[in-house]
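Enquirer: Chain by chain, the residues run as shown.
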Amino acid sequence: MTSLKSCTVVLPTRDIDTDQIIPARFLTTTTREGLGDSLFHDLRFDADGRDIEDFPLNNKAAKGCQFLVAGNNFGCGSSREHAPWALLDYGFRAVISTQFADIFRNNSLKNRLLPIIVDVDTHTWLLSNPGVELCIDVERSTLSLPDGRAVEYPIDAFARYCLTQGIDQLGFLQQQTDAIAAFEEQRTWQP
Amino acid sequence: MPSAMTLFDRVWADHVVVPESADTPAVLYIDLHLIHEVTTPQAFSVLRERGLSVRRPDLTLATMDHSTPTTPVSSFQDLDIVSESAANQIRQMEQNCREFGIDLLGFGSDERGIVHVIGPELGASQPGKTVVCGDSHTSTHGAFGALAFGIGTTEVGHVLATQCLLQRRPKTMAVTLDGAVPHGVAAKDIILAIIGQIGVDGGTGHVIEYRGDAVSGLDMEERMTICNMSIEAGARAGMIAPDDTTCEYLEGRPRSPQGAAWDESVLRWQGLRSDDDAEFDTAVTIDASSLQPMVTFGTNPGMVIGVNDPVPDGAGDASFQKALDYMKVVSGKPMSANPVDVVFVGSCTNGRLSDLRQAAEILDGRKVADGVRMLVVPGSQQIKQHAESLGLHQIFTAAGAEWRESGCSMCLGMNGDTVGNGQLSVSTSNRNFEGRQGIGARTVLASPATAAASAVLGHIADPRKLS
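Sequence lines, in order, name chains Z and F. So the number in this note's numbering is just where the residue sits in the first sequence, counting from 1, plus 1. For the record, in the second sequence the residue sitting at position 55 is 51 according to this note's numbering, with numbers rising by one throughout.
Quick caveat, the hints were computed from the structure, so don't treat them as lab data. Remember, it's a predicted structure, so these values are computed and weren't measured experimentally. Careful, some of the hints might be misleading.
If the Cβ cut is set under 10 angstroms, some of the chain F residues that face chain Z in the computed set are [to be verified]:
id, residue
1, Glu16
2, Cys129
3, Asp131
4, Pro166
5, Thr295
6, Ile301
7, Gly302
Idealized CB from N, CA, C, for every residue including glycine.
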């Protein structure tokens, strides 16, 4: 993963929780696949399963857009990893906001969904300009706007390294087995 | 490491296997891994794909709580599981635990219950431990002075395989509660007031330590209610330093240290506190004597007011107004103006014995109002038995409430226990998100006493009027 280019869909509401992203009744699955159909289910579909017209994802212009611009504090609430799984399965590659909830942010990075934090001014502009084309440079941690300006976004160095080098974090942890065994051996009390 | 340490610093330092650097996070050892049926199947699949085993099944505690039915049954074969996919998930949990050598407190176990209720109840949640679970309310166990936080399914796989997590050191926040908590104000009211003050994202990136006289005076179940909802303020975890109250709770529990190990543990736990001159990244002080029973009016736990206060005005904020419209509440009017359809007492926040007692005190000799459905769901099978030995179930059923088997139930409505579309629910659970308790459900979070008083009067009510 080095760079991504796509258009935006805008969901301006603040504090969109993971129950909104994927309601609990869809969590009885035992796989990661196919959750895109349930993404934002109760905001996207009415009781009869028809599209709710004014929901941004149902706008024809939004089809195929891989970047979601969302209100502040996106992904709060439940730790369900089904939230980034559903966003990815639907086709999103990045979510852009001013702040993300910690667990959602962690879960997203582990699944190669980019949580991009931008300043309030950039966010305000993105919220009022749905559909614009943006470019994300993962190596340089920048988001390029249509006017050519590149905004740097914060990302943990290790998370970026894993994204760009395709590092598997479980594999990385397994390489620490000797240190883990030594820790277990040497600690002064046992749990 | 600064010379003056916080409680968090001490627990963190005690579990660092490999220190963090600019390039890599710390490798942090996990002492207790709680697992349940909903957030683990994909993690076990990864172990299977890679031919890995569970490193420490002895530090892994498994139960089933989220998608399990709470309807009373005469035999476990009669379980009315909500869907074939939920039944499959439950079967898979049984198979995964069997295959990987993990003890499962499943159907048929007297020790089954909500994962955050049984950890403490069995004495597995202890001061100074690191505790994780694929569930955000893992913060509950911080009430014991543990560092306890929720993780995703990928990280569940990391802990199963290595007993470790890759973690960046979070920031610290002190929430100090001074003064005496007024009579009639519950732990739920305290934590709702705290979230109202710091906001649903106020704790992001932080581990909170709750401290001060008002916190020391709380019993363990009250402390668990407070730490449980730390995540609703966005915090990674909530902690309270262990003291005599903590030790008295833990002594003699099945998984607590026994004999000489108990004495050694108590000595070690006594050192688990923040130094007087320890510095926190953020500090918040709250006057406990000013608190009152609280209820939420919007669609997140930070949208909260005193039970008799008017619903505030959003001043043109679109997200705020959207929440009011969803809840069908009106700025300027108190929440007592709203008739109630459903009352839920239960969950990892308020499904413990003291919570059931508080609800029963209000309901004793009274009736649930006509047209109101009330569901009482104990947090564990042990709590159910204990409550029944005290006759609490008779008070609930005599009042017209339903008395159920333990589980997460109507907190998240994934087992079939749901609130109907458009119905108003007063719930002792932790999240009033849109649709959390069912499609179109309107949830008002409150204490068990407020929930019970609302059930009796048929509208949102101040419990002090009935006690």
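Enquirer: Each hint needs a verdict: does it hold in this structure or not?
Expert: Consistency of the hints with the structure:
no. : hint   : result
1   : Glu16  : holds (9 angstroms)
2   : Cys129 : holds (8 angstroms)
3   : Asp131 : holds (6 angstroms)
4   : Pro166 : holds (8 angstroms)
5   : Thr295 : holds (8 angstroms)
6   : Ile301 : violated (17 angstroms)
7   : Gly302 : violated (22 angstroms)
Figure legend: structure checked against the earlier numbered hints; hints not met, in rising order: 6 and 7.
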